[in-house]
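If you read the sequences in order, they're chains H and D. Using the working numbering, you'd call the opening residue of the first sequence number 1357 and step up by one each time. Using the working numbering, you'd call the opening residue of the second sequence number -10 and step up by one each time.
Just so you know, not all the hints are guaranteed correct.
To be verified - Pairs of lysine to aspartate or glutamate residues, derived as EDC-like cross-links and limited to a Cα-Cα distance of at most 20 Å, are as follows:
(1) H:Lys1447 with H:Glu1413
(2) D:Lys147 with H:Asp1378
(3) H:Lys1430 with D:Asp455
Rather than coming from a laboratory, the hints here were simulated on the basis of the structure. Note that the structure is a prediction, hence the values are computed from the model and not measured.
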Amino acid sequence: MANLKYNNDAHRLDCIFIGKLDTQTSQEIQPLVEFEIETCQAQKPKEELRICFDFGEVEFITSTFIRICVASAKTVGKENFCIKNTNPLIKKTLKIAGLDGELNAS
Amino acid sequence: MSDYKKIADEMLDKAILAGAMYHQFNQEQTDHIVDKVFEAGFGARVSLAKMAAEESGLGVWQHKVIKNVVATQLVYESIRHEKTAGVISVDYKEGIMEIAQPIGPIFGIVPITNPTSTVLFKILISLKSRNPIIFSSPKRAPECCKKAVEICYEAALKAGAPEDCIQILPETNRDLTHEVMTHPKLALILATGGTGLVHAAYSSGNPALGVGPGNVPIFIDTSADIPFAIENIINSKTFDNGTICASEQSVICEKAIAHQVMSEFEKQGCYFLDKDETALVEAIAFDKDKGVMSADVVGQPVSRIAEMAGIDPPFGTKILIAKQEHIGLEYSLSQEILAPILAFYEAPDYKSAIKECIDLNYLGGVGHTAGIYANNEDRILEFSSIMNAGRIMVNTPSVQGAVGGMFNTLATSFTLGCGTGGKNITTENVTAHHLINVQRVCRRKVNEKWFNFDQSKYMDESLDTDEIFSEYNKNY
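Let the sequences and hints guide you as you build the complete structure.
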């Protein structure tokens, strides 16, 4: 459901998500993501951490997962957060929610 | 930023997010949610009805149970097989495929007369069309409305619906309602309520499906089965003490059968007021300063109305009937009164009777509902063609007929479109398919006549219509 990898050279956290991110799954993912962000930030406290969520294998999202995205973007700053590889349905979902720009979704 | 603006912004943001999530659901997932919400609403039909009757002080709780049943069971039956997500139709011959898209956040206004059934109905049609809905509860019955929302929302969440797909304003007041109605993120207002509120919805700048006021004339023709007609009128007009806007307001018949009609009304438990009693009832039933029915009599039983007016009809009287000679704004009882009070008109002949029906129909009820009791097809057709009403009920109780599902196959609805006469965009009974945007995917099916025609001929002013058409329609 989630594969989180920290790239030390780029000081970037790559999070690959898979499948249906329903409420329960999102609730399980949330502490993992929060912990990982905190850990990564501790590695280079003076540098700005970048976070990239990979939605290539994501089929469905819920508002709980959207909140994880929004919170992560807020933690590192909008310019340091992005979502890549969204499928068209997820892209439209973010568009309807008015968050595609906010979350730098592509 | 005002507090109300802030509340509206937050609620609309939540609704937008819920709508975005809901848009991912397919038909099967959507139907599962509707199934579960229907079961929850239907299961609460009695408790909600009792709560609504007690809190609002209007109507009859047993009738409100029936309203809740209509708003759940019959509405569910009328929409359950409807396609509202993804591809909803394919016409291979014409090359057109239709795809349903949800419209977005809906604002549902709930009237005091149906505070729980309207909520149940609007939730089912909104969820079926994958739209989030925000409710505004009536001022005098907020708790029952809130309870109905909570029951449905809980069931929706359990069935997997997105968070915040159903919300209710934390309080009912004009400013907050205005903020939501005019909010740029709102997609549609489902306005059921008084004329002022419906007008505000139409003036909001957002699309609205509203219900115009009714003033339902019922014509009893000489060909009618009179006892049957009277029985149906009584059952309809007394339902929930007359709170439904499709309820009968006036009965019109020819002089030739007037005596028989009056006797039958009396035989079946109605009471004809004399002149003095009519004046007393008129005084309490209509607010002449505001030009509308008095809120004090809405949904009250005859006994209470009689007490208020200071009259003494026989015990158990079902409807108070006032003989009237005139129709117009200055004649209060010729206008809509949502209580067991009927106006009665005796016309010298058929044509005069129909003309009186036209006057009543146009006195505040254009586009709503009209009814006829007759066994003469020509007269049914003539009456139907002359009335301006979205629904013409034939040998049918007006209330139960207009909402659909019991006496006919009209879509079951608590939002009855009144056409342009009622400042509505539709005369249909509003249901789930009014809450989707239908996209038409059009395959190439060329118009051969158009493409075979030498279009430079359109530029030649010397060619007249016949010459161009003859060339255009030429067979190749």
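How the hints compare with the structure:
1. H:Lys1447 with H:Glu1413: Holds, at roughly 13 Å.
2. D:Lys147 with H:Asp1378: holds (13 Å)
3. H:Lys1430 with D:Asp455: violated (70 Å)
Of the numbered hints listed earlier, the single one contradicted by the structure is hint 3.
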